[in-house]
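Respectively, the protein sequence lines represent chains F and G. Note that the first sequence covers residues 23 to 446 in the working numbering. Note that the second sequence covers residues 3 to 185 in the working numbering.
No lab work stands behind these hints, which were simulated from the structure alone. Among the clues, some could well be false.
As the list claims (entries may be wrong) - In silico DSS-like links for lysine-lysine, alpha-carbon gap of 25 Å or less: (1) G:K62 to G:K165; (2) F:K381 to G:K129; (3) G:K109 to F:K381; (4) F:K267 to F:K252; (5) G:K83 to G:K109; (6) G:K137 to G:K84.
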Amino acid sequence: MDQHESTYKPGSRTAKWWDERLPVMRMMHGQFVDFPTPRNLNYFWTFGGILTFCLAIQLVSGIVLAMHYIPSADLAFDSVERIRRDVNYGWLIRSMHAVGASMFFFAVYVHIFRGLYYGSYKAPREVLWIIGVLIYLVMMATAFLGYTLPWGQMSFWGATVITNFFSAIPLVGSTVVTWLWGGYSVTGTTLNRFYSLHYLLPFVIAGLVVLHIWALHVAGQNNPTGVEIKTKSDSVPMSPFAVMKDLFALGVFAMLFAWFVFYAPDYLGHADNYVEANPLVTPPHIVPEWYFLPFYAILRAVPSKLGGVVLMFAAVAILAFVSWLDTSRVRSTKYRPVYRWFFWLFVITCLALGYLGAKPAEGVYVFWARIFTFYYFAHFLLVMPIVGLIETPKPLPRSITEAVLGKGAGAGSPVAAAASPEKR
Amino acid sequence: MSSHDDNNPHASRRDFLAIAGPAFAAVGGAITLWPFVSQMNPDAGALALSSTEVDLAPVKEGQAITVQWRGKPVFIRYRTKKEIDEARSVAARSLPDPQADADRTKKGAEQWLVLVGVCTHLGCIPKGQSVGDVKGDYGGWFCPCHGSHYDTSGRIRQGPAPKNLEVPQYAFTNDAKTKIKIG
Ligand code: HEM
Ligand code: FES
């Protein structure tokens, strides 16, 4: 981990006793109290803390739900209804968990787009970024598995459609799907194993989060300028500066969260999921949860089954390669006058795909889904490599301090080349 | 691992152990892993449910019924003359998944079409069994999930589904051909 000088002083004899045997407090102090944090972080940097909070909420509410939930085809739906009506505060805890999944994805999307805008995936943060992509992938799996548990119509048909993605694999596809189901269709057997995995994966996420933060504290945080910390005046200790900012943002986030929990607990879900699963009737319009809609639009934009499935998985996987696809020397999009336009076009593309994913797959919707699917991939495969090569970035501040306090402030005497990487 | 004397043309006993040991461990590991993979496959109970008998006598011409087999719906349609003619008049070779109607029905019982009612795209249940249902552009079935159209032989004609609706294994169990056993 980052080698800054520790300011930890054991405050009592007990603390000293521990410090000589298992210096956890020293490590926590070094990583989360006096850790040097760029002094110019904006509110987009508070989402890491918010995400940790979301994971904690899902774990606590989930473990409580598991005390009342019954993973069986006959009883699952009723047990969730009982949680809502009969279990003390079950309505609250269930709603925290269901809304929590949406809030978790909202936060992770802000976090990912933050990384894309400020070039946080660029060296030396490639591994950090890739671990982030893995967390996102496991989150998607967890949320999909969780959504089958209430065993409503959307649960059942969502599970059917998504497991059927694997039937697109040539030759062994249907064998794989039968194996996943433990039968010849989605049944109670499937529900049971999904429950087991839904319980497991959040702990895998927790493990990945530890690695993610470890990698973060090796490289140090990026910041809105994309210029690394050079001198002491570029940073502030994490506590109280970043911690207070994080807590304030968390408070605002919690208000939004609470508004959904108390006033619109089902707004982000789908009414059809309050109809018990019926293996003989597909609802007329099946759609996934909102956070999967862009990928669903990509799936349906392709007129071939295998092609659609491959492109959909590729849309997630491609994120793991941006460190190498982006050829720009400058991290932050703030200093990239050309790329900036493409960045916002990409944001619009993702929102548009989300909108189209919720519409029926016909006529003009399919047409636009194809256009935006094209741009989604073109952004990574054409725009990122090409714009990085041809664009002339704006001059970077010589240091974070200069960016904050203006020219002539505490920039030290940086080596010219290192200070202006935008000049080739 | 290398032998401790590189000039020695003969492999040593230690070399042998260094290869054989890990090889045995790898094979043993793989064999131990298998039960953990295999337990996810359908169990004896699921396999035992693998056949269903259906009495077709009450079904009238133009009607369709849905029965359940291995947890999936099976569509049984008593086709009209017009539907059979439509299915037989297209050139099988021109279809996305070429198959003649005659290969999808039993000889002497061409009016009966028996299909697994699961869309070959991503597994939704197509519409077309009930009287009021949309039946798609080819008069058979229509899958609302992503818009696949099937004809009166259950063959895919348009949309993302790659294959025709599956014809399950079935046989008539009496001479009058009014009973079938699926599976
Ligand atoms: C990454 C963290 C997690 C995410 C994203 C997540 C997501 C979800 C989602 C989307 C649902 C469906 C909610 C609904 O619409 O009703 C759900 C249900 C459920 N989850 Fe989780 N979950 C997480 C962690 C956990 C944990 C750690 C447990 C502990 C066992 C758990 C137990 C349950 C149970 C019992 C249900 C069924 C009750 C219900 O539907 O409300 N979850 N989860
Ligand atoms: S599942 Fe039938 S068209 Fe996609």
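Verification of the hints:
no. : hint             : result
1   : G:K62 to G:K165  : violated (28 Å)
2   : F:K381 to G:K129 : holds (19 Å)
3   : G:K109 to F:K381 : violated (44 Å)
4   : F:K267 to F:K252 : holds (23 Å)
5   : G:K83 to G:K109  : holds (15 Å)
6   : G:K137 to G:K84  : holds (15 Å)
The structure does not agree with the numbered hints 1 and 3 stated previously, though it agrees with the rest.
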